[in-house]
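**Student:** Sequence:
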Amino acid sequence: MATRSKAYRAAAEKIDRDELYTPLQAVRLAKETSPTKYDATVEVAFRLGVDPRKADQMVRGTVNLPHGTGKTARVLVFANGEKAEQARAAGADIVGGDELIEKVAAGFTDFDSAVATPDLMGKVGRLGKVLGPRGLMPNPKTGTVTMDVAKAVEDIKGGKIEFRVDKHANLHFIIGKVSFDEKALVENYAAAIEEVLRLKPSSSKGRYITKATLSTTMGPGIPLDQSKVSKLLEDDAA
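The sequence shown begins at 2 in the working numbering and counts up by one.
A few of these clues could be false.
Claimed, not checked - As a list, the in silico PhoX-like pairs of lysine-lysine whose alpha-carbon atoms are at most 20 Å apart: (1) K212 to K168; (2) K55 to K206; (3) K32 to K184; (4) K212 to K201; (5) K130 to K168; (6) K168 to K152; (7) K38 to K72; (8) K32 to K72; (9) K142 to K124; (10) K152 to K72; (11) K15 to K38; (12) K32 to K15.
These are computed hints drawn from the structure, not numbers from a lab.
Using the sequences and the hints given, assemble the complete structure.
**Tutor:** Right, here's the structure in full:
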């Protein structure tokens with residue numbers, strides 16, 4: 002097993018593994034203990050009490066983070082003609098029709114989100130082996146199969162992110178950078194957990210969010226009190 006860095010160990014020593022931190026406490030601790038010299042990413046992981054193998058317990062959706070992720074997403078749009086022009090005008094990074102579909106089929110995945118017009122989904126749907134495992138397949142439920150490609154691009158560029166529970170019932174969200182102020186990180190966290198709670202499957206019994214952890218790139222996990230879902234910006238002592 003690889004030896005943890007000195008910076009990681011020093012950060013881990015400041016975290017009480019037996020305590021569940023409020024989101025505000027966790028954000029403060031993450032900013033204080035980030036072991037990297039660069040502007041690290043801040044991520045939240047939720048363990049859900051669902052069985053992803055059951056279709057009626059699949060949790061997936063989108064959320065608009067009020068302060069974005071700190072990263073400008075590269076957006077690919079499958080569209081032709083006027084819709085292609087609208088996508089480019091809205092800031093899409095890669096736009097095209099049949100030739101772009103062939104390029105992606107050959108393995109091109111240098112983008113973070115994909116949008117498609119409905120008329121091309123017959124062909125785009127065949128890209129499942131490339132796009133599916135990476136969570137990049139356009140989907141009407143997430144607003145990425147649409148005639149309003151401009152709005153889809155603007156939403157993604159503005160901080161809209163997609164999420165989907167993995168086979169181990171985990172959800173991962175990037176909620177910003179260490180350079181974000183505490184308020185921005187907590188408000189992004191609030192948006193994420195609110196949407197996850199809203200999407201609780203009716204067939205899920207028992208505890209829904211069984212574990213929550215906040216961490217920074219290369220940093221230790223900070224246990225979160227996932228039951229705290231309101232008044233998240235109140236002082237710890239409040």
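**Student:** Could you grab the alpha-carbon distance between K168 and K152 and see if it respects the 20 Å cut-off?
**Tutor:** The hint is violated at about 31 Å.
**Student:** Need the status of pair K212, K201: alpha-carbon distance at most 20 Å?
**Tutor:** 15 Å, holds
**Student:** Mind checking the alpha carbons of K212 and K168 for me, to see if they're no more than 20 Å apart?
**Tutor:** 16 Å, holds
**Student:** Given the hinted pair K55 and K206, is their Cα-Cα distance within 20 Å?
**Tutor:** Cα-Cα ~13 Å, so holds.
**Student:** Could you grab the alpha-carbon distance between K152 and K72 and see if it respects the 20 Å cut-off?
**Tutor:** Distance ~19 Å between K152 and K72 Cα, so the pair holds.
**Student:** Would you check the hint for K32 and K15, treating anything up to 20 Å between C-alpha atoms as holding?
**Tutor:** 12 Å, holds
**Student:** With a cut-off of 20 Å on the C-alpha distance, tell me whether K142 and K124 pass.
**Tutor:** With Cα atoms ~18 Å apart, K142 and K124 stay inside 20 Å; holds.
**Student:** K130 and K168: Cα distance at most 20 Å?
**Tutor:** The hint holds at about 17 Å.
**Student:** Does K38 lie within 20 Å of K15 when you go C-alpha to C-alpha?
**Tutor:** 18 Å, holds
**Student:** Can you confirm whether the C-alpha distance between K32 and K184 stays at or below 20 Å?
**Tutor:** At roughly 12 Å apart (the allowed maximum being 20 Å), K184 and K32 satisfy the hint.
**Student:** With the threshold set at 20 Å, check whether the alpha-carbon distance from K32 to K72 stays at or below it.
**Tutor:** 18 Å, holds
**Student:** Need the status of pair K38, K72: alpha-carbon distance at most 20 Å?
**Tutor:** Given that 20 Å is the threshold and the Cα spacing comes to 18 Å, the pair holds.
In summary, the structure is inconsistent with hint 6 from the numbered list given earlier, while agreeing with all the others.
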